[in-house]
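Engineer: Single-letter residue listing:
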Amino acid sequence: VISEYAESLARRLGFDPGLARSVRQEVEDHLWEAAGDASPEAQRRAIERFGDPRLIATQIAAVALARQARSLGLLLMLVLGGLFLAMKMRIAWFASAQFHVRDDLLALGQVLLSIDRAAFWIAIACGAASVVLARSRRAQARLFFPFCAAAAIAIVASVVCDGVLTALRLVDRAYAADLLLPVLSVLLEIVFAAFLVGRIYAAARRAALAAYLRTNT
Amino acid sequence: MEGEMLKGHLDMIVLAALASGPAHGYAVIEEIRRRSGEAFNLPEGTVYPALHRLEGAGLLSSRWTTAESGRKRRVYALTKRGHSALADQRATWRQFSVAIAGLLGGKTAA
Numbered sequence: 001v002i003s004e005y006a007e008s009l010a011r012r013l014g015f016d017p018g019l020a021r022s023v024r025q026e027v028e029d030h031l032w033e034a035a036g037d038a039s040p041e042a043q044r045r046a047i048e049r050f051g052d053p054r055l056i057a058t059q060i061a062a063v064a065l066a067r068q069a070r071s072l073g074l075l076l077m078l079v080l081g082g083l084f085l086a087m088k089m090r091i092a093w094f095a096s097a098q099f100h101v102r103d104d105l106l107a108l109g110q111v112l113l114s115i116d117r118a119a120f121w122i123a124i125a126c127g128a129a130s131v132v133l134a135r136s137r138r139a140q141a142r143l144f145f146p147f148c149a150a151a152a153i154a155i156v157a158s159v160v161c162d163g164v165l166t167a168l169r170l171v172d173r174a175y176a177a178d179l180l181l182p183v184l185s186v187l188l189e190i191v192f193a194a195f196l197v198g199r200i201y202a203a204a205r206r207a208a209l210a211a212y213l214r215t216n217t
Numbered sequence: 218m219e220g221e222m223l224k225g226h227l228d229m230i231v232l233a234a235l236a237s238g239p240a241h242g243y244a245v246i247e248e249i250r251r252r253s254g255e256a257f258n259l260p261e262g263t264v265y266p267a268l269h270r271l272e273g274a275g276l277l278s279s280r281w282t283t284a285e286s287g288r289k290r291r292v293y294a295l296t297k298r299g300h301s302a303l304a305d306q307r308a309t310w311r312q313f314s315v316a317i318a319g320l321l322g323g324k325t326a327a
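First to last, the protein sequences are chains V and W. For what it's worth, this note's numbering labels the leading residue of the first sequence as 1, then goes sequentially. For what it's worth, this note's numbering labels the leading residue of the second sequence as 218, then goes sequentially.
Only chain V is shown next, with the shape it has when bound in the complex:
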């Protein structure tokens, strides 16, 4: 009886297998201790005192999803900080190494730079909104992921612009070791952006699955 109850609770937390497993162990330990002896009647009484598994799972899921949102908001701001540093480092290096954009590519470079700046500011604004939403309880579910997604799209746009702008400065240059730093900094930005997009996607999937399990189990 206790195993069935713990299993039904864990099933509702299936959006996060690690959480489901630990809650199941915790609840089983509680119920066996509360039941005292192993008689089915004692087990039933322990389960009755424990409460509705749907309600408890909903509350535990809300706590886990809120924690997930807070850490995702923090990750978003860290990635933005990392991108900013990589960008500034590359620009300083270009200036010191006298790597300029060719005259015939200047117009394209200016357009890309404008898009890059706008995208980065949009990412900062949406990232900051995500952090605030992650800490508020009511609006979080509806608005948190749209803002995260908007920040991620803006970051991807900014990284693409950075990549093209770097390529414009490196065009016609022969391969040399001094090209490594700008290339590596762009690769670093791509890794940051890909990691962030992956984490947002995984978190959104978990939140959607949690909502599904809440209404369908």
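None of these hints come from the bench; they were simulated from the model. Please read all numbers here as calculations on a predicted model, not as lab measurements. A virtual CB, placed ideally from N, CA and C, is assigned to each residue, including glycine. Errors might be hidden in some of the hints.
[Unchecked claim] A few chain V positions that, by computed beta-carbon distances, are all more than 10 Å from chain W:
id	residue
1	Phe50
2	Leu55
3	Ala62
4	Gln98
5	Ala125
6	Ala157
7	Leu180
8	Ala208
[As the list claims (entries may be wrong)] Chain V is faced by these chain W residues, among others (derived, beta-carbon under 8 Å):
id	residue
9	Gly242
10	His269
11	Arg270
12	Arg288
13	Arg298
[As the list claims (entries may be wrong)] On the chain W side, residues computed to face chain V include the following (Cβ under 7 Å):
id	residue
14	Tyr243
15	Pro260
16	Glu261
17	Gly262
18	Pro266
19	Gly273
20	Lys289
21	Arg290
22	Lys297
Since the structure of chain V is provided, determine the placement of chain W on it from the hints.
Structural biologist: Relative to the frame of chain V, chain W by itself:
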């Protein structure tokens, strides 16, 4: 006691129950019952979301141990921040209860 009234103070109640030392979920419930003179009789499961929430807020820490029965057991303990939060909540509660007592008793709170 009314469940809704308790829910609003559940975090403080759980912190207070853990003030005497680390305990697992069932022991927390027993401690709440014992120290409230059986007045607080929540559905036992409701304590777990509170434990998880308080752990997420950094007020509790937890570790897994093995009980005498051989079952895995999660034991919670107050962190430094948890002790500090409990002290703050105690002070606020004392002020509040004096004010309410004065109000309901028809006397001005000191």
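Engineer: Run every hint past the structure and note whether it holds.
Structural biologist: Hints and how they fare:
Its closest Cβ contact with chain W, about 4 Å, brings V/Phe50 to no more than 10 Å, contrary to its assignment away from the interface. Separation of V/Leu55 from chain W is inadequate, the least Cβ-Cβ distance of about 8 Å not exceeding the 10 Å criterion. Consistency note on V/Ala62: stated as away from chain W, yet its beta-carbon is not over 10 Å from all of that chain's, at 7 Å minimum. Every beta carbon of chain W lies more than 10 Å from that of V/Gln98, the smallest distance being close to 50 Å; the non-interface claim holds.
Annotated as non-interface, V/Ala125 keeps its C-beta farther than 10 Å from every C-beta of chain W; the closest such distance is 27 Å. For V/Ala157, the shortest C-beta to C-beta distance to chain W comes to about 33 Å, beyond the 10 Å cut-off, and the non-interface label holds. Against the 10 Å criterion, V/Leu180 stays outside the reach of chain W, whose nearest CB is about 42 Å from its own CB. Chain W leaves V/Ala208 outside its interface by the beta-carbon criterion, the shortest separation being 21 Å against a cut-off of 10 Å.
The beta carbon of W/Gly242 is positioned within 8 Å of a beta carbon in chain V (closest approach about 5 Å), and the interface hint is therefore held. The closest approach between the C-beta of W/His269 and any C-beta of chain V is roughly 5 Å, which is under the 8 Å cut-off, so the hint is satisfied. The criterion of a C-beta within 8 Å of any C-beta in chain V is met by W/Arg270, whose closest approach is roughly 5 Å, and the hint holds. The closest approach between the C-beta of W/Arg288 and any C-beta of chain V is roughly 5 Å, which is under the 8 Å cut-off, so the hint is satisfied.
At a threshold of 8 Å, the smallest CB-CB gap from W/Arg298 to chain V is about 16 Å, leaving the interface hint violated. Proximity of W/Tyr243 to chain V holds as hinted, the smallest CB-CB distance being about 5 Å (cut-off 7 Å). Look at W/Pro260: its Cβ gets to within about 3 Å of chain V, closer than 7 Å, so that hint holds up. Residue-level restraint check for W/Glu261 holds (minimum Cβ-Cβ distance to chain V is 5 Å; threshold 7 Å).
With a cut of 7 Å, the hint placing W/Gly262 at the interface with chain V holds, because the nearest CB-to-CB distance is about 4 Å. At about 4 Å, the closest approach between the beta carbon of W/Pro266 and any beta carbon in chain V falls short of 7 Å, and the interface hint on this residue holds. The beta carbon of W/Gly273 comes within 5 Å of a beta carbon in chain V, closer than 7 Å, and the hint placing it at the interface holds. For the restraint placing W/Lys289 at the interface with chain V, the shortest Cβ-Cβ distance is roughly 5 Å, inside the 7 Å limit, so the hint holds.
Restraint check, W/Arg290 versus chain V: the minimum CB separation of about 5 Å is within 7 Å; hint holds. Using the Cβ-Cβ criterion of 7 Å, the hint placing W/Lys297 at the interface with chain V is not satisfied: the shortest such distance is roughly 20 Å.
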